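Protein chains: 2
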Amino acid sequence: MMRWHRMHLDGIPVVDLEAAAARPEEVSWFEFWSSRSDYYEGLANDALQNNSTVSCGELLFLACLCIHYAQYLWWHEPSRRQAAQRRKERLYRRAAPLLVSPAELLSVDLDELSIPGFLRIPSAAAEPRSLPCVMLLGGMESTKEESYHFENMLLRRGVATCTFDGPGQGELFEEVGLSADFNRYSSAVLDYLRSRPEINPDAIAVLGRSLGGLYALQAAAMDTRFAACVSWGGCVDMDYFDAETPLTKEGWRYIAKVDTMDEARDFVRTTLDLRPVLSNLTCPTYFLHGALDPTPMSEVDLLRELAVNAPLTVVVEPDGIHCVHNLGPVPRLRMVDWLVVCLVNKW
Amino acid sequence: MMRWHRMHLDGIPVVDLEAAAARPEEVSWFEFWSSRSDYYEGLANDALQNNSTVSCGELLFLACLCIHYAQYLWWHEPSRRQAAQRRKERLYRRAAPLLVSPAELLSVDLDELSIPGFLRIPSAAAEPRSLPCVMLLGGMESTKEESYHFENMLLRRGVATCTFDGPGQGELFEEVGLSADFNRYSSAVLDYLRSRPEINPDAIAVLGRSLGGLYALQAAAMDTRFAACVSWGGCVDMDYFDAETPLTKEGWRYIAKVDTMDEARDFVRTTLDLRPVLSNLTCPTYFLHGALDPTPMSEVDLLRELAVNAPLTVVVEPDGIHCVHNLGPVPRLRMVDWLVVCLVNKW
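So the protein lines, in turn, are chains Y and A.
If you use the working numbering, the first sequence corresponds to residues 235 to 581, in order.
If you use the working numbering, the second sequence corresponds to residues 235 to 581, in order.
The shape of chain Y in the complex, shown without the other chains (with noise of 0.2 Å):
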């Protein structure tokens, strides 16, 4: 479950990742990250007892951070992770009015549901409705609630963010597993965003890591209101399933909401298939691809072959595994100028 690198890029201290790997055999990796948890959550109380706001929002982000780490890939104990999850989303919705730029809880209706979901704005003044914004998508295990240090990088080059869970995520997951139609959920939120007075409702970006990556291409071929999309990590489709790893094979199972494996893979490959769709795809699109990803080069290949009316920037790294995160903050930064061309230097 060690993801050193990704773990680290998302803001975990190497000095936890050192004490993760040199843990007593009888902790376990739930335990470890549950401990860590609490040891932020403890100094962000102290830290609030002496007005320290920032501080407080950050070590509870450090909490929210950790926990979401114990329990990831923790599928095999159902009530545990889920409990977890719900420890994760009130340790960030905690940390979100301290946070610098404060992140601020939306609540976005579709059918039944109340998506939910948080923004967060540039501190810069700004005209009214100037504002780029790029709406960030988690995958598999991810939610609204992990992209901080992403954001900060979007947010520091004057770009607002958005994150919320979708079908099969975090808040959502009890109501709605995986499905076809995650784009419904990206587009209620761009409906949302379209309509806030900061925001340039014609400089709208979406960019999902991992399954992200294929939410984020779907969300953009589906609805051609977004400006840029970024597929950092992801796929076209899932024929590829037996190639995945057994841990993240049970995370395809658990979301699925199925029984078995076989109905794991047979739901998976028809639910999420992005082939039929790729020609609506028209709006600057950023591909970001580890040639050391389960992942097959094919996805690629795919994708060259039937996103024919975008303009592709397709970034293959030979050394990268899944998401490049053993590149270090390089490709990040990549990502994120690319998506600054595109809604702010262009306008």
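Hints listed in this document are in silico derivations from the structure and should not be mistaken for laboratory results.
Because the structure is a prediction, the values reported are computed rather than measured.
The C-beta atom is built at its ideal place from N, Cα and C for all residues, glycine as well.
Hints may be right or wrong, so weigh each one.
Said to hold, decoys possible - Part of the chain A face toward chain Y, derived, beta carbon under 7 Å: (1) Arg237; (2) Val334; (3) Val575.
Assemble the complex: chain Y is given as a structure, and chain A must be docked to it using the hints.
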């Protein structure tokens, strides 16, 4: 030379530390980090071509930090070391106006010298003469160009930051080596900061790391206008010179500008001795010490014994190395919060 935790917390990406550890035997430490500096400078230039000025600034800072660590303990080739120093200065000067918040280049006159420095002001608008400020002092091989991430922690909390080179440091080294009157330089910079229209002249603290932690105590003991003082891995004398590592001793010899180690020992012990002045220290003072530091615990005892007129907060971390770099971000956060409580929350 691989001071892993310090380098990482100051901003060196983990992937570069891994690559440094795995570099081929024929690639020297100096060459490895020079080449990383070239790499990031190249990316910075690319970013500028795209009008990605924020990325350009962040990448130039990274290039600056890499060339810093190339030369920081490279005492045995002075001309190479000094050329790298000049490069470090140039890189940071290019980065400075592009940082969020920008670093403004200062020049403060003292005797026949110009003290070079940088001032960063938090972005949120403030009333005239309302901003608290922290003056950050480097140590034996640290200069005004390295504390970007620590500064950012203060800036996010509404505190301005100032760095400069004193005797034996950076741009001043060739004109003036290690000397007993560092406090004259910090007081000259303090005069300047108190004249700035943004800054609250009564809310300026001084913080120094390693040898800078001795300078911070000296600065505050000799100038009661400082509102607070942090000594981060500092000391009050150098009687323990012989306990230092061979590489550190070479550094002492270098900045003392003497030929032999015997001369260095004598000069350093005589020049750096706060025992006669510590009773003049009256402002709130925070002293952070790692019990595994070659700097002995007797330095902590001496501070307690002699700084009898200052409210002292002494933190000894039993598992901490020099400057407690191995304990992650929390000790840094605690120093920052302590400063904010001293400078902000009380006003």
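Against the structure, the hints:
| no. | hint | verdict |
| --- | --- | --- |
| 1 | Arg237 | 13 Å, violated |
| 2 | Val334 | 5 Å, holds |
| 3 | Val575 | 6 Å, holds |
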